[in-house]
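Single-letter residue listing:
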Amino acid sequence: MRALRPLRKIGISGRGLVVTLPYLWLLLFFVVPFVIVLKISFSDIDLAIPPYKPLIEWVGKNSMAIKVNLNNYAFLFTDSLYIHAFLNSIKVAFISTLLCLIIGYPIAYGIARSTARTRNILLLLVVLPFWTSLLLRVYAWIGLLKANGVINNILIWLGVIHEPITMLYTPFAMYVGIVYSYLPFLILPLYANLEKMDWQLLEAAEDLGCRPWQAFYKITLPLSRNGILAGSMLVFIPAVGEFVIPALLGGPNALMIGRVLWDEFFSNRAWPVASSVAILLLILLVPFMMWYQSVQARESAGQR
Amino acid sequence: MANTGEAVKAAPWRDPSARAYVEIERVTKSFGDFKAVDDVSLKIYKGEIFCLLGASGCGKTTLLRMLGGFEAPSSGRILIDGEDMTGVPPYERPVNMMFQSYALFPHMNVEQNVAFGLKQDRVPKAEIAERVATMLELVKLGGFAKRKPHQLSGGQRQRVALARSLVKRPKVLLLDEPLGALDKKLREHTQFELIGLQDKLGVTFLVVTHDQEEAMTLASRIGVMDHGEIVQAGTPSEIYEFPSSKFVADFVGSVNIFEGKLLEDEPEYVRIASDELGAAIYVSHGISAAPEATVWAAIRPEKIFMSTAPPESSGHGTDNVVRGAVQDIAYLGDLSIYLVKLPTGKVVRVTQPNTSRHAEAITWEQQVYLSWDASSPVVVTR
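As they're listed, the protein sequences go chains A and B.
414 is the number of the first residue of the first sequence in the numbering used here; add one for each residue after it.
3 is the number of the first residue of the second sequence in the numbering used here; add one for each residue after it.
Every clue listed holds true.
Computed spacing ranges between beta-carbons, pair by pair:
| no. | chain 1 | residue 1 | chain 2 | residue 2 | range |
| --- | --- | --- | --- | --- | --- |
| 1 | A | Gln706 | B | Lys142 | 38 to 44 Å |
| 2 | A | Ile449 | B | His152 | 46 to 52 Å |
| 3 | A | Ala605 | B | His152 | 18 to 24 Å |
| 4 | A | Thr528 | B | Arg171 | 33 to 39 Å |
Not everything, but these chain A residues come out facing chain B in the computed CB check (under 10 Å):
| no. | residue |
| --- | --- |
| 5 | Leu615 |
| 6 | Pro635 |
| 7 | Arg638 |
These aren't lab readings, by the way, just hints derived from the structure by calculation.
For clarity, every value in this text was computed on a predicted model and none was experimentally measured.
All residues carry an ideal CB built from backbone N, CA and C; glycine is no exception.
Given the sequences, and given the hints that come with them, work out the whole structure.
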């Protein structure tokens with residue numbers, strides 16, 4: 414406390430510092446890069462380093478011209494590739510979220526209803542994959558899914574199939590990769606929600622005439638709504654912009670907006686177009702993020 | 003005030019031909035090696051308020067949960083209105099339960115909570131609305147239909163839980179510590195409301211409680227439980243005045259227990275020599291015990307007279323009179339509790355009503371005589 418006293422004299426308090434730090438972080442690593450990307454998205458492509466023309470030009474003495482180029486955005490709507498990629502990304506993210514929910518809900522429910530001891534072990538197992546790099550884990554799936562990979566070999570050895578099934582570089586492989594990678598993000602918030610549940614409510618529902626599945630549908634499901642929404646957003650939002658998994662597992666036909674962005678940026682060196690794709694993606698996701706925020710706020714306020 | 007319903011006036015448990023409404027037949031529930039409920043048999047009659055009374059962990063809640071269908075008996079069976087409940091799931095039993103935590107559905111308002119069970123039974127909409135409204139009026143929550151549980155006080159929540167479990171008109175209502183979460187004043191008030199409601203609806207109540215005062219107030223009969231067994235079942239006054247064991251005497255109300263040996267054992271009276279008391283106890287009723295057996299005489303604090311002068315002879319010589327010194331006094335307003343230390347070292351608890359505002363007070367360290375009527379002690383053999 415004493416060390417902070419000179420700071421306080423000039424109007425900086427410990428509390429002020431604590432509050433300022435995250436804002437500073439956001440300013441430095443979100444707002445500034447965002448402004449740079451926004452700026453690039455309004456500029457013209459150029460064969461130079463960096464490969465775009467500056468927005469501000471000096472014309473003569475003491476006068477400057479700001480040239481805002483909207484062509485990049487217009488271009489995104491003229492070439493069907495981009496709209497296609499956007500829609501496909503949303504579709505893939507949506508289906509992945511749904512699959513995560515179908516697989517993750519029973520897991521979260523099972524963990525929440527197990528004894529305290531097994532619960533810790535199960536939670537550890539859910540978190541364990543995070544200890545290895547995502548990239549490594551996705552590469553491992555290549556080894557599992559490829560034509561002479563583990564899965565095909567086992568199936569052939571069992572005599573279920575005679576020819577290897579093409580799994581790698583298909584939408585199937587991509588969904589496997591996304592669902593596998595994002596499942597913990599759905600399980601953990603859902604578990605946190607279900608763990609707070611008063612299980613006596615289910616007994617009360619059964620006492621009042623509900624069969625167990627009816628009690629689940631009428632009590633557990635509505636009460637875990639916020640957990641479902643929070644978990645789904647945590648899967649859906651990053652999955653829309655996912656690049657690594659579709660690129661590694663989905664093959665050349667997996668048209669995802671993250672992939673398009675990468676290609677524009679690195680292959681075509683079309684930084685302005687890539688930037689406008691990024692900005693549009695952000696605009697698309699903002700409503701979902703705001704929704705997620707409000708769900709989070711409601712959850713922590715304890716109101717259902 | 004105790005339960006005054008019709009069923010209680012008729013005292014069906016005294017009539018061997020009366021048909022029991024709930025029959026618990028030799029029910030045992032084990033969890034591993036631990037027997038939570040140990041060979042319990044019990045008959046409960048229509049319209050009763052039966053209280054299972056016991057300390058926490060005595061198995062009373064497990065027994066209640068077996069009636070609700072949430073636990074299956076390890077052996078024995080339960081019949082409700084003549085129907086064997088073995089294997090019948092909770093949602094098909096003609097009973098409803100009021101949970102200790104109330105277990106109100108937080109995402110539904112009061113009305114939806116109460117209507118839940120009726121909707122589940124596919125009762126016609128108009129009838130649901132009517133029955134819910136009537137029930138809410140009955141528990142005095144008419145104006146709160148649209149409130150969510152978290153907008154209600156503890157007492158109001160308790161009444162929602164009660165309404166929700168009564169609206170389905172169960173044959174038996176199971177209540178798990180129904181007043182446990184309420185403060186003392188509210189609890190007393192609610193006890194009488196509960197009795198009034200039960201009387202009006204004629205539903206059989208089975209109440210689990212650890213609070214002997216609550217049990218005494220509510221019950222037509224009490225079953226005292228200990229270590230998974232029913233150690234005594236009877237009306238509140240039977241339990242209080244004629245406890246069958248040291249445990250019951252001690253658990254229900256406060257009591258002075260003196261260990262002694264049977265001195266004389268006649269059909270009309272017994273005399274007990276008690277070293278603890280330092281005198282003999284003359285009891286004006288016979289008991290069944292082996293001669294020379296160790297027995298215990300239990301005397302309630304309010305049945306002991308305290309005086310500064312020697313009491314008039316009771317006709318039993320020096321029996322039933324001891325001297326002691328007042329060690330402590332607790333003034334409670336309506337009555338005072340005196341702890342009197344006998345020469346033997348035993349401390350006796352005596353309560354005296356404060357009938358006069360200016361009585362000549364007995365104070366600390368004063369020598370007093372304690373005496374009691376020959377009909378007051380209860381002799382128990384275990």
